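Take a look at the letters that make up each chain.
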Amino acid sequence: MQPIRPFSSRLVALPIENIDTDQIIPARFLKTTSAEGLGAALFYDWRYDAQGAPRPDFILNQPQAQGAHILLAGHNFGAGSSREHAVWALQGFGFRAVISTYFADIFRNNALKNGLLPIQVDAETHRQLFSLVQEAPETEVQINLEAQQVVLPDGRAVSFPIDPFARRCLLDGVDQLGYLLNMADRIAAYEAAHPQRVNTLLNLA
Amino acid sequence: MSQPRTLFEKVWERHLVAPQTDESPAVLYIDLHLVHEVTSPQAFTMLRERGLKVRRPDCTLGTMDHSTPTTPLDIPIMDAQAAAQIEQMKRNCAEFGVPLYALGSAYQGIVHVIGPELGLTQPGMTIVCGDSHTSTHGAFGALAFGIGTSEVGHVLATQCLLQNKPKTMAVRVEGSLKLGVSAKDVILALIAKIGVGGGTGYVFEYCGSAIRALSMEERMTICNMSIEGGARAGMVAPDETTFAYLEGRPFAPKGEAWECAVADWRTLPTDEGAVFDAEVYIDADSLEPMITYGTNPGMGMPITGRIPDPDSIGDPSQRETLIKALKYMDLQPNAPLLGHKIDVVFLGSCTNSRLSDLRAAAALLKGHKIAPNVRMLVVPGSQQVKRQAEAEGLHEIFKAAGAEWREAGCSMCIAMNGDQLQPGEYAVSTSNRNFEGRQGKGGRTFLASPLTAVASAINGCVTDPREMLERV
Ligand code: SF4
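The listed protein sequences derive, respectively, from chains W and L. Here the first sequence is numbered in the UniProt record's numbering, starting from 1 and rising by one per residue. Here the second sequence is numbered in the UniProt record's numbering, starting from 1 and rising by one per residue.
So that you can see chain L by itself, here it is in the shape it has in the complex:
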């Protein structure tokens, strides 16, 4: 019998063009390379300068999402720099033969939303993108991680990456989630527990009964934020939920090839007795809706909690970090966040902009109006999500409540495209980063689930969604 292996090890070993040695990292073959307009231009320039081609345009896909406006598509792009970057993306893809779902395409959207919905993301694959939230695709049992622009160039030119083998950490989530507690709360709780550096050097494998019970979109929400805990990748073993999601999607295998693929994918889950380098446990039953109070995703707490007091922290540099964060956020130690007034609610991003997120949000919002002091942006993750949501009439619910229904893209998650907070404003956001200025210079972000975001929009202040759900 061969050594029991983890899911990660199986996928890693399948893709070794050359193994790691004492002198050199492993050469890892990449099955799918996703490219977007912000982190690729300098890589294409490098190819041009060195006279290189894209080795596998058929394993490469471009989209536009980060700097694209989410205003109606017939309005021209007002930001000259963004427009130039978008034009450059078109030229680069055309010149190098890379297929592109440009702005205006029916399949355009956030790179981590379109890969899975098109069926490009499949179990056992290696997937990279010049974007740290590539970890999202690990929900299918793929090894997927973000890379820098130099590495984008490496993959374009050779379809390979030089990689040192990471360590593995099992994230075991057992039990069942209570009403009002969602996948987003699971991942925020994990990051609050291990800290933003806790997973550095590791690949997470999320396992346990609570993970098994999640839909694919919920698993994507969790894997998406692995990087916020420092892990470059997070994976979930493929199972019937995975296969049911994939079957019939445009790029998924068909007919006999589908049967073969599924048979192969069934061999991927971690073997009984396989050893992880580290393990962390989360009790799903005891989780509450989570919210962040600070300026990194590790500064999170149950929504009913109180903001920590720097005086109670022994480590001086941690204390300084918290003092600085609370100053930026203009929040008081020991105060609750519940009831804190907000200005903006952002429902979107590669963490929470899929159809199930919009459905959950709309179900809670239906029949309500958002508070008059609140601006709410709803930004679907892709054009496909947008069309599906509209077919279900979800956009009417959002609009009737007073929210803005916008075109697909990253939008206020990264605030590159003009969708941004004003200095001093508070937002409840379903995105993944609450760094200083992330959603607009001087803006202040509370990260939370779509349910918490909607409940807070209705009340105009941070609100526990369970109060409203229990009333329904």
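Chain W with its partners taken away, still in its complex shape:
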């Protein structure tokens, strides 16, 4: 994984509440065994009509979204299914961060594992960001993970919370599995001290 450095981008505004992972990527696109190429399926049923033609009024089909890295979404983003494909699809399209007022737990975890930043802001900042896009769609904001800040064009910086461990991993460009693998001795000691568990290998026949 690449370490995450500060980056700037236009905002892609999607002012819909409770966007669930079935909308981010419909289930019929989950019959894949890879994480590649899912950007094409992002928000598919909102993005394309019944004939598969792009809907011009949907934001991802507009110039504003092309090359942008930050999705500004309505309250409570990422509820529903645990599919990590939702994160892979957002990244496949080019997004590196999603801003909302809060995130569903599993989505947040999945995002952090892949280096997609779930940026939680208060309702007032959230509202201001939406008006910013409306008034000046070309405006860029900067995201600084090290400082845990979203920096607005007027220089104002808004802090966002992020799990300190995930932040460290993302800044260093290391994945979390390495940390767990290094715990092998402690895991073995735990297993030795707690030997009782089911055995799924038991043959039922």
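Because the hints were derived from the structure by calculation, they are not lab data. Nothing here was measured: the structure is a model prediction, and the numbers come from that model.
Far from chain W, some chain L residues (derived; all Cβ distances over 12 Å):
id	residue
1	4
2	74
3	239
4	255
5	276
6	278
7	285
8	305
9	332
10	355
11	356
12	360
13	367
14	369
15	371
Label-pair restraints from in silico Cβ distances:
id	chain 1	residue 1	chain 2	residue 2	range
16	W	194	L	102	28 to 38 Å
17	L	215	W	67	54 to 64 Å
18	L	78	W	36	19 to 29 Å
Here a beta-carbon is modelled for each residue, glycine too, at the ideal position from N, C-alpha and C.
Assemble the complex: chain W is given as a structure, and chain L with the ligand must be docked to it using the hints.
Just chain L with the ligand, lined up with the frame of chain W:
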């Protein structure tokens, strides 16, 4: 005396390989890892790329449920992508030594149905699966939650997860459920009350007299939909009902080990005086059958209610959400749902596809025909449920009424396998998600209980099951 602790805290503390610190999350040991074909392939690929093994194949179990067809088993799989995914699952499990109940196995079924019915799900365990409805297993007093594919990889490789300790919320349900009101209605009422984000960051513990009175399968229905209220896990303290359900199941402890296990499980319930971070109360006596009208599970109301009016909602973004939902559903504010014409009834999913669900549905359906405008799919949760239902003759009741009796799997709950709504169709569904397009692109879902689903199938429109039950 030690601090009084909640059920959740006891299970959490038992599984700490390393405690949480300011810099790092806790390392939590996982007792049972269930894997299915949709969320695991990329995790197995990662293991292969890094030269890793599955640390505990003996604590891991695979099944196939999401993309599998529910047509007769001798018909080949028509969808090439689904077939490839299913083949890949077989190869992955064989290569890494993970036991698998593949399509065609006598124990295959929806992952959250087979764990409990095999006795794999036990009190006090930590259970994960790359599936958000893993919360189902909490009905046994296990800490069970859904994870993403990266985390599936973590558990395969290390049998552990990095976790920050969640907060706890007591969901107290007191009183008794009236005729025609079921476990599904309890959970739909809770989610309507707290909203789809209301439980974010929490583990629910369902308690109170109404929960105590429920069977294990009913408790599973409730825990199943915890995630629909935003909570990753929902738990019920184990009691005699739990032990009676588990005793004698294939993977449950036997003989002396059983006695020891039960003695241990009796220490798990929340101590007197333990403190929850939040609490919510539901009065069971006042509950009615529930139904959803919108595009998330929080948009629910008593079946006799009227659809809310966006004009009466102050918060602009909530108002927009409701307007958008009603547009998608093509429903009018202030209208009742009772009598609304439907096209499909789906009886199935990890929420309501167990034997007791099928029995309740068949008892109401017996002697009736479903309306000519309705297609009804009955999809048992597992091959075992299917065989038991057939042994009781339930399938004959469904078929005689004009319903389709199908093979086990997720089916129209997620519409990955070809079982799906057509654009614009309305369904009463016993599943757990009414998101846009969830049951097929353009399809419209009313979530409800098996009783409401059957009553609606008979009349061809949304129907209060109490009308029919009272007549019996
Ligand atoms: S039945 Fe539905 S909710 Fe349950 S595991 Fe299958 S797809 Fe998921």
